[in-house]
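Below are the chains, spelled out letter by letter.
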Amino acid sequence: MTVEFTLNGRQVSVPAEPNTLLLDLLRDHFRLTGAKRSCDVQVCGSCTVLVDGGPVSACTYLAHEAAGREVLTIEGFAELPEFEHYASAFERHAAVQCGFCTPGFLLTLKSLRDAGDLETEEDIRHGLDGNLCRCTGYRAILEAARDIGEVAA
Amino acid sequence: MTVVTGTGTREVGRSRTRLDAREKLRGEAMFTGDMEVPGMLYGRVLRSQHPHAEIVSINTSAAERMPGVAAVLVGRDLLDIDPYYGHAIKDRPIIAIERVRFSGEPVAAVAAEDEATAEAALAAIEVVYEELPLVDTIDKALDPAAPLLHEGPIRPGLFHGLGNLGERDGNIGYRYRLDSGDVAGESAGAAFVTEGEYLFPAVYQYAMETHSVIADWKPNEIAIWASCQHPFLVQAEIADLFGLPIGAVRIQVPYLGGGFGSKSYTKMEPLTVALSRKARAPVKIVNRVDESMVTSRRHGMRCWMRTTADADGTLLTRESRFWLDTGAYMDNGPRVTATAADSAPGPYRWRAVHIDAMCVYCNTAPSGSYRAFGATHLQWVAESQLDELARKAGIDPLEMRRRNLLRPGEPVRPDGSGKPLDADLIGDVERAAAAVGWDEPKGPLVGRGVSVGLLAAGAHPVSRASVRMRADGSVEVSVGTTEMGQGPRTVMAQIAAEELGCSSDRVRVLGADTRFTPYDRSTGASRSTTLAGKAVQNAAAAVAAKLRETACEVWDVASELIELRDGKAAYGDLEMEFSEVIAKRFGFTGGEIIEGGEVRPMGGDTGSYAEGPVFWEVCVAAVEVEVDPELGKVNVTRTATVADVGRAINPLLVERQDEGAFMQGYGNAMFEEMVYRDGELINDNLLEYRVPRIQDLPRQMTSIVVENEDGPGPHGAKGCGEGALAAVPAAIVNALGDAGVPITQLPLTPERVWRRLQDLSEPQSTEELT
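Heads up: the sequence lines are chains A and B, in that order. For the first sequence, the numbering used here gives the first residue as 1, with consecutive numbering after it. For the second sequence, the numbering used here gives the first residue as 1001, with consecutive numbering after it.
Honestly, the hints are just simulated from the structure, not real lab data.
Not the full set, but computed from the structure, chain B residues with beta-carbon under 7 Å of chain A:
| no. | residue |
| --- | --- |
| 1 | Arg1026 |
| 2 | Met1484 |
| 3 | Gly1485 |
| 4 | Leu1686 |
| 5 | Arg1693 |
Idealized CB from N, CA, C, for every residue including glycine.
All chains, please: the whole structure from these sequences, using the hints.
Right, dumping it as structure tokens:
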């Protein structure tokens, strides 16, 4: 079986078993390792990628569910002009430490901002509740997210 | 809020952007699990479901016949080596041999061409167990009739550093005592006494990246890529296990996805090497979360403590006995036990102290290091007794601390051994208290608490580093510190750049590769900036001396007149780029300057723990809470933590470390708990084991960076990033006590708090364990 979808703006067609997870396909076949495996149960958000603009946990998302859709990983996002707006905020606030969760946070923030759901601090606290970070204690990420969403402190 | 006292530096003291930020943001940073080695197989581990059993037989033939399976490893494959390891005590076999001692212990491992095949092969392995009596709790382990989990003489590990290990005493694997003065005599006339029993559950570090290893065994060299915090200790243990010289074991450490102690010392490396040896091919093992949860955790603890004071609140005596559940194997249990004992008296003046700390084997998964170990266990107990005495004596808890806290220069250990106090604790706690509105009026069920403690930090002061300036003037720092998020690749660059008179932008700090990187003992105990940083500073200073030496030859002036600034050597109006200095030194384009730096203990050479610590890490916090009486929910409304760092090399990174430690302390205090049933961990996943989320972030949070330049590291720096974790649970417990809800068991779940409120509202309430 093959699955066809758009990956970081490029049309791809790859063999995939019915039970292949999107995360494994991205990491093993495409060698896109920015999405990380951690909790395996859709809690930690470190495997987050965007499918048609919305965040999904690639660890519990079948590769075939992506058929005909647009998948954006951190590697693709990093090539977009708007990425600088996000990355510089994270740098300014030292919101990246070990970096394992960081791609997931950035992609979730992009989906929130694109959907107009990054306008208040409550939006940030609600919208990022599905991404775990063990290093920062979240304050740095909250501050970076405020900058990204141009939310008043 | 930053209190700055230092001046005159260009790189040090500035919040430089992390040098590793970009590649991490772009998803390009490589972690062990992201790496592939040509010809690599995938390993999966069959783990015992029984916490204590004899292995009657293992049949691997069906698994071995499966297509795609390269090797199946079991205990009998290790008959040609001494397969026991453990840096403190050699008590752990690489894979179970004849007996399993915890649920989750590896009994077999499969190497196959892909993970699915390896996983399927695990299901084809038949193991017959005969269950043995279960010793799954501290109480059962201490029963004189309990079966012994380990027998025979204690075998010291390569890095035990514990002095005389003594004789085996039942299931007590290690014991550490502090004894000073006559407790009975000094407490006889005490005006105030408090005494109680306390429980702290096992908790999990949850580094986002699970333990991950790639190993490639060859007869004369073993190559390893691993998520390890202490590559040089792992290197030595692997060499010892597999009979190779240390230099024939090469460990490369990519970025780590968090550590927090869970990746300290040797973890999955020996098993992965043994599997590679059997398969004759490189093998990668990446734990799942449930597997990492039985690879390392924080010790659960039962503690009894008694504290006395005289009528004006002057402290008299403290006694404590406590037992730490180290699980089936010692791992870092002895060090955790000793550090906990050091934290038990707290930084106060005592007439007499008696502390008896015991590390107990149980049929549970091994416990090891978790950020601020020992101090986190004891500080909340010790500090809640201080508050209770203050309440009984009618003294404000902050005033109670002012009266009794040690001053800089006073001995910390009651017997006067080791490092005297190297911090202004009264100043620290006053700042923290002020930040949560200590003297402001408060409503019912609102409480404020402070806590003060010390963490024996620095581990062993043995670090080397090298600094290399290339022909173009670019700089590389080789230092064994593991970058696990705390920021050493940035901080070390700043330290080197300061000595060299250039921007940290031109400095690259490399990850450890034991083939080339100079020795560094470990990345833990808040030691890196202080000790490895000092080695980097010394190495950079030696490179700077060489630059000056050449410049003074060229200009024919005394070397002390030469200044290094902005990447140039300068004398008056004369300037030379570093690249030009190097070209002059060697007479043509090319060459380089490479120098080493060293840090080693001054004084004693016994390796005894008692000579330390390198510095006392300050653990100070203040918290305000509000209790919801209907739901038992504790709302943490205001917090302040103190990072008393001597000198902040990078102030923003210090604050971020402090905040991260705060949040882990919050999780430990409020809801984290590993739940065992008959020796089996039943909440071994992130759905049932809750860690802090962004919703938990308090609305008002202050991180106070104190810089008194009183540390032994570069520019007066000392380590940070652990203190808040020990201080925060204690401050929350004390704030809750101040709100009228004293509690003696963590975590502070709504149910526990609600039940305590019900008990307290009943007239015949007792002071039983809650």
